[in-house]
Amino acid sequence: MGAVSAGNARLLVIAGLLVLWEIGARLFGDPLFICPPSAVVLALGPLFSDPKVVHAVAITVFEMVVAFAVAVGFGLTVGLAVGLQGFTKGAIMPVILLLYAIPQTTILPLFVLGFGIGPEAKIAFGVSQGIFPVIVSTVAGVANLPSSLVTAARSMGASRLQVLQTVVLPHMVPCFFTGMRLGMTAVLLGVLIAELYVSTAGLGYYTRHFAQSFSPPNLFALIAVLAAIAVTLNELCRIAERRFSRWHQA
Amino acid sequence: MIRIEGVGHAFGEAGNPRRVVALESTTFEVARGELLCLIGPSGCGKSTLLNVIGGLATPSTGRVTIDGQAVKGPSPQKVAFVFQDNTLFPWRTVIDNVKLGMVYQGVPKSEHDDRARESLQAVGLMEFADHYPAQLSGGMKQRAQLARALGLRTEILLMDEPFAALDEQTRMVLGEDLSVLLAKTGKTIVFVTHSLVEAVFLADRVAVLTARPGKIKTIINVDEGHPRKSDFMTSPKLGALRNELYELLHDEIRKTVR
Amino acid sequence: MKLAQRLVQLGILIAVLAAWYALTLPGRVNPILLPPPGPVFHDFGVLLTTRSIWPDLLVTIYEWVVAFAVGAAAGCIVGYLVSLTPYTVRVLDPLLAGFYSVPAILLFPLYLLFFGLGPASKIAIGMTIAFFPVALNTIAGLGLVNRGYVTAARSMGASELQLFSTVMLPAALPVVLTGFRLGGIIAFMTILGCEMISSLSGLGHRIVELGENMEPTQMFANIIFAVLLAVAINVGVSFAEARGQRWAR
Chain R
5 MGAVSAGNAR LLVIAGLLVL WEIGARLFGD PLFICPPSAV VLALGPLFSD PKVVHAVAIT
65 VFEMVVAFAV AVGFGLTVGL AVGLQGFTKG AIMPVILLLY AIPQTTILPL FVLGFGIGPE
125 AKIAFGVSQG IFPVIVSTVA GVANLPSSLV TAARSMGASR LQVLQTVVLP HMVPCFFTGM
185 RLGMTAVLLG VLIAELYVST AGLGYYTRHF AQSFSPPNLF ALIAVLAAIA VTLNELCRIA
245 ERRFSRWHQA
Chain Z
14 MIRIEGVGHA FGEAGNPRRV VALESTTFEV ARGELLCLIG PSGCGKSTLL NVIGGLATPS
74 TGRVTIDGQA VKGPSPQKVA FVFQDNTLFP WRTVIDNVKL GMVYQGVPKS EHDDRARESL
134 QAVGLMEFAD HYPAQLSGGM KQRAQLARAL GLRTEILLMD EPFAALDEQT RMVLGEDLSV
194 LLAKTGKTIV FVTHSLVEAV FLADRVAVLT ARPGKIKTII NVDEGHPRKS DFMTSPKLGA
254 LRNELYELLH DEIRKTVR
Chain A
324 MKLAQRLVQL GILIAVLAAW YALTLPGRVN PILLPPPGPV FHDFGVLLTT RSIWPDLLVT
384 IYEWVVAFAV GAAAGCIVGY LVSLTPYTVR VLDPLLAGFY SVPAILLFPL YLLFFGLGPA
444 SKIAIGMTIA FFPVALNTIA GLGLVNRGYV TAARSMGASE LQLFSTVMLP AALPVVLTGF
504 RLGGIIAFMT ILGCEMISSL SGLGHRIVEL GENMEPTQMF ANIIFAVLLA VAINVGVSFA
564 EARGQRWAR
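Residue numbers (the working numbering), protein chains in the order written: chain R, 5 to 254; chain Z, 14 to 271; chain A, 324 to 572.
A hint or two may mislead.
Calculated Cβ distances over 12 Å to all of chain A for the following chain R residues [to be verified]:
| id | residue |
| --- | --- |
| 1 | S53 |
| 2 | V172 |
| 3 | L192 |
On the chain R side, residues computed to face chain Z include the following (Cβ under 7 Å) [unchecked claim]:
| id | residue |
| --- | --- |
| 4 | A147 |
| 5 | S151 |
| 6 | L153 |
| 7 | M160 |
| 8 | W251 |
Please keep in mind that the hints were generated in silico from the structure rather than gathered at the bench.
Being a predicted model, the structure only gives us computed values, none of them experimental.
Don't be surprised by glycine CBs; every beta carbon is placed ideally from N, CA and C.
Extracted from the complex, chain R is given alone in its bound form (with noise of 0.2 Å):
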């Protein structure tokens, strides 16, 4: 059954999907809940030559992009400075775990009601959901560390920061990445959650106006093109997990 190869028979699958979703919004959808995908294309020229809207979606992004970044950078040296230390790490890891364990998506409106409905709650959110995973990710990496290469790197007279900076962290490097791309994901969910949850400016504003007027090609537009971007954002993550973890898979 080789005739059509998987990737093809994929896109064969899309185009069948999107084939369906016009003839099926046409004869049967409502116009005022549903619309075809030609609508929706014919609607993002005009829904992003609208500065606020596009504002609204850059904001967005630029609150992903520093969530993450701020996620990153804390999530490793917090996972480092726990991870490296038997101590720290039987004292402090079980309270991470605890807050990572805790839904929090209950404290939204804390977040909200104490930075306001800028991009600091968004960000300050997005950071609190993409922390975690990373923490675990790097704590991981430095704890399974073979001590025997530690052995012979000391056996050749490194130097404590010397082990640490060329045995410690090039292992742990394909761990990390991995908690990168899913702290990502959780880090996108963040920020999208609590844009939505702000329903008096940004894109929460926009999503509620567009529902509240019945006009879905503007909501279905809005909502394709910020799915573009996550699923850019989350496949970059990947490629770069694939990559650096070269080694580790061979």
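Following the hints, position chains Z and A against chain R.
Positioned in the frame of chain R, the structure of chains Z and A alone reads:
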């Protein structure tokens, strides 16, 4: 040149019921340019002894001196290790692994490449310089570890069962190569092994340790020049020495396997 | 060392509580932002003893259960269908994984448009979110089934149903159960979050409403309740997963 004086090592404090005395007051010397094998039953402390000689462990009693200077910690300028486990760093190529030791030792950057190539040449791995450890076979990995140790240009090599994880045929080949290397470089090597034949084939002298707590039972001389040829392997002299070792070790081994 | 670590953890807990108390002393942080611990715990106690939270709680639980039941069932069925041939797996599994990588929360505004502010939109998003881990894990689990066993069973005359229940299900079950756990938990969190974004009822909505009505102590008390509920669900679902996995062995 290496003096081991009354070295003993115990794990755990005195009075601790789970204290294990691995080594008990061993004294012997290793002459410059000789290959000394340490052989003995499991748990007799040979690896511990090697670690003490190389400064990776501090003895509970006694001390080790190299050329008169006491050993207090890892001395990469004088002593290089080759371990049984694969301790090549998997994220670096073979040649980068060889160079890493020089980085630790503080060798000037300009010399790294030449030295590394020389070492790889000596072990016959030049073609694989840019490969990653995961792409090498077991025997090749050990050659790479040897190259790394050679790159440090130390007088002394401490090898802890380096060929134990390899199949017999690879062991034989590597053993012959090691003998050739020894003849060429005149290094002092202390070699720990379980294999009787390997010990006799490689060593100038074989130190037999007793079961735990380990002591030197006796030291056998193997009067045979380096490089050892393959016909030494099949010679009656080797056979006789091997039998002698077997007699010495048999009782000790029985003591550890009840 | 264990003891010292436990002490550190205890110390952290005490420090947090102390900081909370200190920050809320008169004249410090705005009590709208951070109410003092005493009244919060009192309100929490009231919560547990009265029935005031029940209507919203039941709505949330109802949304979650329905969403999970439908989403997980759909995930199993789709997973099974995709696993029928290696070709379909090769084609569709990455496609499903790709769809999964889109933050599903983006669909919520669409569901609001279709289904309005009531529980239906929350159930819809919960279903969507629960579907993917279950489907992907079902595919993965069925992929673990040893082809050799299937051939042997077929050769002995097993019917499709027998094949499924005696060979495929036990092999795939542990992985599928993990999918259930992941789907169940993310569905709950997402439903809670979506109730906060836009809803007329439910636990999430209640929390937001209390905040908007300037009732910080009650809001905090409800938040603590929601957190404990989520933890309980987490523990319960993990326990069920472990139980099921043991049985499958």
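Going down the list of hints, with the structure as the test:
Chain A leaves R:S53 outside its interface by the beta-carbon criterion, the shortest separation being 21 Å against a cut-off of 12 Å. For R:V172, the requirement that its beta carbon stay farther than 12 Å from each beta carbon of chain A is met, with the minimum near 22 Å. Once the 12 Å rule is applied to beta carbons, R:L192 is inconsistent with being away from chain A; the minimum gap is 5 Å. Interface restraint check for R:A147: the shortest CB-CB distance to chain Z comes to about 17 Å, outside 7 Å, so the restraint is violated.
Of the supplied interface hints, the one on R:S151 is violated, with its beta-carbon coming no nearer than about 10 Å to a beta-carbon of chain Z, more than 7 Å. At a threshold of 7 Å, the smallest CB-CB gap from R:L153 to chain Z is about 6 Å, leaving the interface hint in force. Look at R:M160: its Cβ gets to within about 4 Å of chain Z, closer than 7 Å, so that hint holds up. Given hint, R:W251 at the interface with chain Z, holds; its Cβ is 5 Å from that chain's nearest Cβ, closer than 7 Å.
The earlier numbered hints that this structure contradicts are 3, 4, 5.
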